[in-house]
Amino acid sequence: MTSGAFGEVTVDKEAFLGWPNTYVLRNEAVEVRVVTDIGPRIMAVARRGGPNLLYVRESEAGKSNEPEWVFRGGWRLWIAPERRETTYEPDNQPCRVTVEGDTVVVMGPPQPRAGIQKIVEIKLSPSEPRVRLKSRIRNISSQPVEYALWSLAVMRPGGRALVPVDRGPLDAFDAVRRYILWSYAQMEDPRYRWGNELVQIDHRRVGKADAWPGAKRRRDESKIGTDSHQGWAAYVWEDTLFLKRFAYVPGATYPDGGATIEVYSSAEFLELEHLGPLTVIPPGEEAIMPEDWWVLPHENIPEDEAGALKALRPWLERTQW
Numbered sequence: 071m072t073s074g075a076f077g078e079v080t081v082d083k084e085a086f087l088g089w090p091n092t093y094v095l096r097n098e099a100v101e102v103r104v105v106t107d108i109g110p111r112i113m114a115v116a117r118r119g120g121p122n123l124l125y126v127r128e129s130e131a132g133k134s135n136e137p138e139w140v141f142r143g144g145w146r147l148w149i150a151p152e153r154r155e156t157t158y159e160p161d162n163q164p165c166r167v168t169v170e171g172d173t174v175v176v177m178g179p180p181q182p183r184a185g186i187q188k189i190v191e192i193k194l195s196p197s198e199p200r201v202r203l204k205s206r207i208r209n210i211s212s213q214p215v216e217y218a219l220w221s222l223a224v225m226r227p228g229g230r231a232l233v234p235v236d237r238g239p240l241d242a243f244d245a246v247r248r249y250i251l252w253s254y255a256q257m258e259d260p261r262y263r264w265g266n267e268l269v270q271i272d273h274r275r276v277g278k279a280d281a282w283p284g285a286k287r288r289r290d291e292s293k294i295g296t297d298s299h300q301g302w303a304a305y306v307w308e309d310t311l312f313l314k315r316f317a318y319v320p321g322a323t324y325p326d327g328g329a330t331i332e333v334y335s336s337a338e339f340l341e342l343e344h345l346g347p348l349t350v351i352p353p354g355e356e357a358i359m360p361e362d363w364w365v366l367p368h369e370n371i372p373e374d375e376a377g378a379l380k381a382l383r384p385w386l387e388r389t390q391w
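For any residue, its number in our numbering is found by taking its place in the sequence shown, counting from 1, and adding 70.
Source of the hints: derived by calculation from the structure; they are not laboratory data. Honestly, I wouldn't trust all of these hints.
[Claimed, not checked] PhoX-like, lysine-lysine: derived pairs with alpha carbons at most 25 Å apart:
(1) Lys83 x Lys204
(2) Lys133 x Lys83
(3) Lys293 x Lys278
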């Protein structure tokens with residue numbers, strides 16, 4: 071355990087939702103549950119004693135060793151571009167785990183189709199309500215591979231995602247922001263509130279719907295992205311703010327038309343996603359993507375853009391990457 075202003079960080083091995091090998095990191099403010107019977111996966115993050123901010127699909131909890139990729143929920147590390155043969159390589163086998171003080175290091179099994187191995191370090195601050203992740207993709211093949219690391223947090227339904235949009239000089243000739251829309255996204259969808267500096271995705275406005283004619287996707291599914299340079303995205307659920315902070319790399323090439331932040335939503339859940347740049351990884355080497363999660367109490371994040379940004383500003387200044 072590690073001591074700090076909050077007290078200490080403890081790491082315990084417990085069962086969680088049927089997974090016996092779950093490592094729980096706790097300080098006085100936050101608790102994180104890392105499931106290692108599969109993964110690497112983080113299946114819970116919460117204010118201490120509060121509800122899980124991540125969504126877990128009940129029918130898939132506690133299981134492992136399936137031959138195909140399984141959604142499950144929680145947080146996962148993926149690779150982009152999204153391809154069935156590489157991105158969806160199953161992660162249903164046990165991981166290797168090392169506990170180093172306030173840090174849990176989880177190494178997933180080799181994924182030969184993608185030619186990679188995933189390693190995630192989860193570190194809980196002893197003095198702040200902050201979780202620090204360091205995601206690593208190691209090339210275990212004999213050839214260079216090109217991927218972007220992709221961090222996906224499946225959020226508890228019923229909240230609101232906040233995604234920053236860039237602004238630039240009003241006299242500039244060049245475009246300064248880009249919206250990326252998947253084919254099943256509808257601009258007039260009531261879940262979206264399109265602002266000048268913020269896009270809000272309100273999961274409370276998403277209801278179950280039938281499939282599109284001739285397609286497997288349902289009408290309640292939608293996905294958007296943006297090329298924001300600001301290095302943050304957030305989710306508000308009742309009196310808790312989940313704030314992701316991460317680096318933007320100027321001049322780098324990002325997948326999906328330049329997307330740095332993406333949000334997929336359906337009636338069941340909302341995914342708050344961010345991506346790193348496309349990186350050529352030589353054999354035996356790694357690409358690394360760190361990020362911070364802040365799990366914060368709040369009294370009110372208004373729904374209007376100006377009010378939301380005003381309420382967020384102190385947290386954004388405090389948590390600068």
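For each hint, the structure was consulted:
1. Lys83 x Lys204: Since the Cα atoms of Lys83 and Lys204 sit roughly 21 Å apart, the hinted pair holds (cutoff 25 Å).
2. Lys133 x Lys83: Holds: Lys133 and Lys83 sit about 18 Å apart, inside 25 Å.
3. Lys293 x Lys278: holds (16 Å)
When held up to the earlier numbered hints, the structure conflicts with none and fits them all.
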